[in-house]
Each structure stands twice: as C-alpha cells, then as structure tokens.
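Chemist: If you want the building blocks of each chain, they are given just below.
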Amino acid sequence: EVQLVESGGGLVQPGGSLRLSCAASGFTLSSYWMHWVRQAPGKGLVWVSRINSDGSSTNCADSVKGRFTISRDNAKNTLYLQMNSLRVEDTAVYYCARDPDSNGFSAMDVWGQGTPVTVSS
Amino acid sequence: DIQMTQSPSSLSASVGDRVTMTCRASQRIRSHLNWYQRKPGKAPKLLIFAASSLQSGVPSRFSGSGSGTDFTLTISSLQPEDSADYYCQQSYSTPYIFGQGTKLEIK
Numbered sequence: 004e005v006q007l008v009e010s011g012g013g014l015v016q017p018g019g020s021l022r023l024s025c026a027a028s029g030f031t032l033s034s035y036w037m038h039w040v041r042q043a044p045g046k047g048l049v050w051v052s053r054i055n056s057d058g059s060s061t062n063c064a065d066s067v068k069g070r071f072t073i074s075r076d077n078a079k080n081t082l083y084l085q086m087n088s089l090r091v092e093d094t095a096v097y098y099c100a101r102d103p104d105s106n107g108f109s110a111m112d113v114w115g116q117g118t119p120v121t122v123s124s
Numbered sequence: 550d551i552q553m554t555q556s557p558s559s560l561s562a563s564v565g566d567r568v569t570m571t572c573r574a575s576q577r578i579r580s581h582l583n584w585y586q587r588k589p590g591k592a593p594k595l596l597i598f599a600a601s602s603l604q605s606g607v608p609s610r611f612s613g614s615g616s617g618t619d620f621t622l623t624i625s626s627l628q629p630e631d632s633a634d635y636y637c638q639q640s641y642s643t644p645y646i647f648g649q650g651t652k653l654e655i656k
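Line by line, the protein sequences are chains U and G. For the first sequence, this note's numbering begins at 4 and goes up steadily by one. For the second sequence, this note's numbering begins at 550 and goes up steadily by one.
Looking at chain U on its own, in the form it has when it is part of the complex (with noise of 0.2 Å):
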C-alpha cells in the first residue's frame, strides 16, 4: 500500500525549533518530487516547501524563508521540515504529499495523515 506517514510534530515555545519526518512507503520515494502543505485551525490549505526527486532544487513560501529547510534521505525513503524560529503562526497540522511532476504538470496525488505543531508560550 502506498503510504506517507508524518511524525514529529508537537508543542513548542515561539523561537524553537522541531524537525518533522515523512516515511514513504509502498512507493520508491526517489522517483517523485515531495512537498510539505500546513493547514492552520479553521484555514484553509497553504503550500509551504517542495524538493525534486534528488534533493539538488528546494522551494518555500516566502512565510518560512530562512526558517524552514526541506531535505530528504532517499535511502531511508524519508522526507524531512527543518523549522526554526517557530512562531505562534506557524501553529498548523503539516501534510507531506507525493508529487508524480507527471509530463511536466505537478500535482500532489498521496498526502499523509497530517502531524500537529503548536506554537505557544
């Protein structure tokens, strides 16, 4: 069965740091590009990061630049969110989601369940 499963989420201070993990699998997760999606209490969806397949190219939202990194450990089949400086608005359950790049159209085909990060003193 194909599967992304996130972990590492939690409560943290404004300013700390968390690092959540995306385990794939049923899939080779070196084949696809992988993205990170947060949905903060009563928003709607919000794109946050997206790595390609090999972990050479990295994009974020401006929202977490210089403050979230994406990475991935291919031969673990994990997905990896830095956060640093967290702030109260960083409070949000945070997606990993598969990316095919099918013929050059991205689309975000598997999500996980989602992990819960709380940003508060």
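Because the hints were derived from the structure by calculation, they are not lab data. The beta carbon of each residue, even a glycine, is placed where N, CA and C say it ideally should be. Honestly, I wouldn't trust all of these hints.
[Claimed, not checked] Residues from chain U that keep clear of chain G, each with C-beta distances beyond 12 Å, as calculated:
(1) Q42
(2) S52
(3) T94
(4) D112
[Said to hold, decoys possible] The calculated lysine-lysine pairs, modelled on DSBU-like cross-linking and capped at a C-alpha distance of 30 Å, are:
(5) K46(U) to K652(G)
(6) K591(G) to K656(G)
(7) K591(G) to K79(U)
(8) K591(G) to K68(U)
(9) K656(G) to K79(U)
Start from chain U and add chain G according to the hints.
Modeler: Using the frame of chain U, we list chain G on its own:
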C-alpha cells in the same frame, strides 16, 4: 506570486444536482491547475490535475475545465459523500498557491 480566487466561498445543493465552482488565477497559468477535496479529519484528495485530467479512482461525476486564468470544477450529479471543502491550486510556478476554498454542503 500568482493569487488564486475561488467562488463561491460556500454553496448548498441537493443530491442529484449539477454543481459548479470556479477558480481564477491572477495571471495566466496555462493548464497548471489542480483540484483537491478535503473532508474533516481526512487528508486532502487529488481530484483533477492539469485542469481537466481525472485522477485515477475519482468518480467520473467530477470534471474540470479551463485554461489560462479561468477554471471550473463540476460535479455532474451531487452525492451525499461529496460534502467537503474544495480547493484549487496553481502549479505553474512556486509558490504553489491554493485558493481559499469552496465549502460544499448537501441540503
């Protein structure tokens, strides 16, 4: 950044109705437009990619159309299980902005 505007923000329809919702991009994005369904407590689900391609396993009552700046998601015959939030997302250039969502309720 390319902004995405969905309308309406919410709608209510009856089982069997034909439902249409729209998404407008602030600049041309060719066909780089995806639609997702989000139900409470569940991960988002890809419905339509590349503006009009039906994702595998998605019922054929869902369809997408449009190109450039204006896009439409249509449900041809609404079913009770279609009650959800629907989001469009542009994948033409980063940041891959989502629309604010359309909340679909069943009367």
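Chemist: Tell me, in ascending order, the numbers of any earlier hints that this structure violates.
Modeler: Numbers 1, 2, 4 and 9, in rising order.
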